[in-house]
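Trainee: Generate the whole structure from the sequences, applying the supplied hints.
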Amino acid sequence: MTTLPVPVDEAQPGPRPTDLDADALLGLYRDMARVRALEDQVVDAFNAQLIPGSTHPCIGVEAIKAGALSTLRPDDLVLATYRGHGECLLKGISAEAIMAELMCRTTGVNKGKGGSMHLSDPSVGLVSTNAIVAGHIPMAGGVAKACQIRGTDQVVLCFFGDGAACEGEFFETLNMAQIWRVPLVLICENNGVAISVPTALSQATPDIADRARGFGMPADVVDGNDPIAVRAAVGAAVARARAGEGPSLVECKTVRWERHSAFSAGGGDPGEQRLAWQRVDPLPRFRAALTAWDVGDAATLDEIDAAARDEALAARTAAEKAPHPAPESIHEDVFAPTAP
Amino acid sequence: MVGGDNSTVSTSMTMSEAINHAIGEAMERDPQLTLLGQDIGAYGGTFGVYRGLFDRFGPQRVIDGPLCESGTIGFGIGIAVSGVRCIAEIEFFDFVGVAMDQIFNQAAKLHYFTGGKLTVPLTIRTPIVSRMGMGPQHSQSLEAWFMHIPGIKVVIPSQADDALGLMRTALTDPNPILFVENVRLYGRRGPVDVDADPIPFGSARVVREGTDATVVALSGMVHEAVVAADRLAERGISVEVIDPRTIVPLDMDTILTSLAKTMRLAVAHDAHKSGGFGAELAARCMEQGFDLLDAPVERVAALDVPIPCGPVLDEVYPNADRVVEAVERLMGLTR
Ligand SMILES: Cc1ncc(C[n+]2csc(CCOP(=O)(O)OP(=O)(O)O)c2C)c(N)n1
Numbered sequence: 001m002t003t004l005p006v007p008v009d010e011a012q013p014g015p016r017p018t019d020l021d022a023d024a025l026l027g028l029y030r031d032m033a034r035v036r037a038l039e040d041q042v043v044d045a046f047n048a049q050l051i052p053g054s055t056h057p058c059i060g061v062e063a064i065k066a067g068a069l070s071t072l073r074p075d076d077l078v079l080a081t082y083r084g085h086g087e088c089l090l091k092g093i094s095a096e097a098i099m100a101e102l103m104c105r106t107t108g109v110n111k112g113k114g115g116s117m118h119l120s121d122p123s124v125g126l127v128s129t130n131a132i133v134a135g136h137i138p139m140a141g142g143v144a145k146a147c148q149i150r151g152t153d154q155v156v157l158c159f160f161g162d163g164a165a166c167e168g169e170f171f172e173t174l175n176m177a178q179i180w181r182v183p184l185v186l187i188c189e190n191n192g193v194a195i196s197v198p199t200a201l202s203q204a205t206p207d208i209a210d211r212a213r214g215f216g217m218p219a220d221v222v223d224g225n226d227p228i229a230v231r232a233a234v235g236a237a238v239a240r241a242r243a244g245e246g247p248s249l250v251e252c253k254t255v256r257w258e259r260h261s262a263f264s265a266g267g268g269d270p271g272e273q274r275l276a277w278q279r280v281d282p283l284p285r286f287r288a289a290l291t292a293w294d295v296g297d298a299a300t301l302d303e304i305d306a307a308a309r310d311e312a313l314a315a316r317t318a319a320e321k322a323p324h325p326a327p328e329s330i331h332e333d334v335f336a337p338t339a340p
Numbered sequence: 001m002v003g004g005d006n007s008t009v010s011t012s013m014t015m016s017e018a019i020n021h022a023i024g025e026a027m028e029r030d031p032q033l034t035l036l037g038q039d040i041g042a043y044g045g046t047f048g049v050y051r052g053l054f055d056r057f058g059p060q061r062v063i064d065g066p067l068c069e070s071g072t073i074g075f076g077i078g079i080a081v082s083g084v085r086c087i088a089e090i091e092f093f094d095f096v097g098v099a100m101d102q103i104f105n106q107a108a109k110l111h112y113f114t115g116g117k118l119t120v121p122l123t124i125r126t127p128i129v130s131r132m133g134m135g136p137q138h139s140q141s142l143e144a145w146f147m148h149i150p151g152i153k154v155v156i157p158s159q160a161d162d163a164l165g166l167m168r169t170a171l172t173d174p175n176p177i178l179f180v181e182n183v184r185l186y187g188r189r190g191p192v193d194v195d196a197d198p199i200p201f202g203s204a205r206v207v208r209e210g211t212d213a214t215v216v217a218l219s220g221m222v223h224e225a226v227v228a229a230d231r232l233a234e235r236g237i238s239v240e241v242i243d244p245r246t247i248v249p250l251d252m253d254t255i256l257t258s259l260a261k262t263m264r265l266a267v268a269h270d271a272h273k274s275g276g277f278g279a280e281l282a283a284r285c286m287e288q289g290f291d292l293l294d295a296p297v298e299r300v301a302a303l304d305v306p307i308p309c310g311p312v313l314d315e316v317y318p319n320a321d322r323v324v325e326a327v328e329r330l331m332g333l334t335r
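Line by line, the protein sequences are chains A and B.
Number 100 in my numbering belongs to position 100 of the first sequence; there are no gaps in the numbering.
Number 188 in my numbering belongs to position 188 of the second sequence; there are no gaps in the numbering.
Don't read these hints as lab results, they were simulated from the structure.
It cannot be assumed that every hint is accurate.
If you anchor each label on the Cβ, the simulated ranges turn out as follows [as the list claims (entries may be wrong)]: (1) B:Ala283 - A:Glu332: 21 to 29 Å; (2) B:Val305 - A:Gly267: 42 to 50 Å; (3) A:Pro74 - B:Gly133: 54 to 62 Å; (4) A:Lys321 - B:Asp193: 38 to 46 Å; (5) B:Arg189 - A:Ser202: 52 to 60 Å.
Simulated coverage check for chain B against chain A, where a stretch passes if three residues somewhere in it have a Cβ under 8 Å from a Cβ of chain A [what the hints assert, rightly or not]: (6) 101–113; (7) 149–157; (8) 170–183.
It should be emphasised that the depicted structure is a prediction, and the values quoted were computed from it without experimental measurement.
Here a beta-carbon is modelled for each residue, glycine too, at the ideal position from N, C-alpha and C.
Mentor: Spelled out as structure tokens, the structure:
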């Protein structure tokens, strides 16, 4: 089953979800708006040469981040990719600590030496983002295994792209996670392309979910631009994992932002790609649904947008004022200190 | 002798038993410490190092996993960053390449790039299977690869009591550690003081004192160097043999102190010569002790060819004869 995102102007809001009250629905919208506003500010800061290297915004995939994260308890754990600022923000790393890390400032969540692709704050359950495609997937399996070893009922979410689903470590993790029934939910953001190579050239089957099924793992395919659909599928997977029933995979079909990263265009024409993602933009679509469900009027939603933009701008302003790490700090944290 | 009698101060163990002892006692102390690998369960490990641990600690803690080195190390890292100490095994050193990204891009860098937020108390055990005639994909000593990567410690013991003391240290260290064993040494028996303190990393052992030349040797070559030193002693040449025991961190002080006395250095290891530990040590001695060197540093190492199968492998590996020849050159006795 292939479930491509529905264009905004064709989307039918459908019935209002019964398990979510107005606050929860507005909360989902707020989460999406906060991620969008942060990433808009990130792109702007990159273009102003405040962010070195590269940065990979999750613009256009906010519904996946918000829908999936909304199913978690605070003590649940998340691992993600370089395209994971959204997970970091929604799991509880402050916009300022993220922005400062991207700008390599001492106030960054990782003291400014990790940068855009390496964010981590285990104190809020964001174990790590990672710059090696699929490199974090077995690690996520291990974090889930550790939950089992410690006898907790925490659940681990692991985000990755369609490109990552071609790496051996992905397959190894499917097998190991399923053998040991670890509490892991694999979330594949299938945005149709890995830098420049379209999934038509890289994937042997249209649905990456089939790979999980091949290992006997429950798997779902959803419209990744519908936060309610993402939430439902991930929520069911999280519930299974928490109940000790093992791992699942949720494949979220989506459309990539106009470029691979702020640094690399990533094939195709960014102008055309912009039209493509904006045609299915999850924010106006969810906005229309909320309005249709009488959950929030335009003023309420505008206020949420404005607050999100304020948060992002304040984060950027504060980050810009913070210092870069001192030269001596390059020697810090190579090794953890050993007990005397 | 597995799980030996703790009341005896000095006992005798093989290196394999010593490693087993250190791991067993750590598992008693830390009820979460988990072992991952292939064939490590009831089978006890390909070379039997884990013998008895499965019966003592059960399948939840001595976990036989599927054959996937990346996945094994990756899961080990995930377990370790969660605060659960883990030992993951790579069955032969040669297979480490399959797991390389997890070791050098993940385990070795997580602490750094998270600004210290994650620590990785993961020990990766792996044996050198040199000189057993298993051919080019089952014979290599690859420790130098890991010296090149900041963020992982590299331990390479040559005898039972060192293995015990170093494994004890490994199992309290919060960092990723590559613990390089040697199949030829597993069965080698030696005195072990089970009440001794753990051996800190970065402390070399002066295996034998001497005044004319220093031989820094790793793993199996420590014993070849001692044989060479015996033979040279008969000719009145006094050789100091040093086993660094860990190459990251490396105890340069002990080596330079020795050089100040002998002014001559040979390095001996089973790994290939090019880009090996010997190259690094020679460079460091040049940087830090150029004035101490009376002769060019000699490298006694495997030749730069893939390790062949069968009796010709003896042509490739270094041995006591080659150490003797190197020292003769150092002494200006031959060229
Ligand atoms: C192992 C590895 N190979 C290649 C790269 C370079 N690279 C970075 S992102 C990327 C594309 C990944 O595509 P996908 O997994 O679909 O995620 P997306 O970027 O589309 O979100 C590549 C090839 C890398 N970082 N790591």
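Trainee: Run every hint past the structure and note whether it holds.
Mentor: Here is how each hint holds up against the structure:
1. B:Ala283 - A:Glu332: 21 to 29 Å: holds (25 Å)
2. B:Val305 - A:Gly267: 42 to 50 Å: holds (43 Å)
3. A:Pro74 - B:Gly133: 54 to 62 Å: holds (57 Å)
4. A:Lys321 - B:Asp193: 38 to 46 Å: violated (58 Å)
5. B:Arg189 - A:Ser202: 52 to 60 Å: Roughly 55 Å apart at Cβ, these two residues keep to the hinted range, so it holds.
6. 101–113: holds (count 8)
7. 149–157: holds (count 3)
8. 170–183: holds (count 4)
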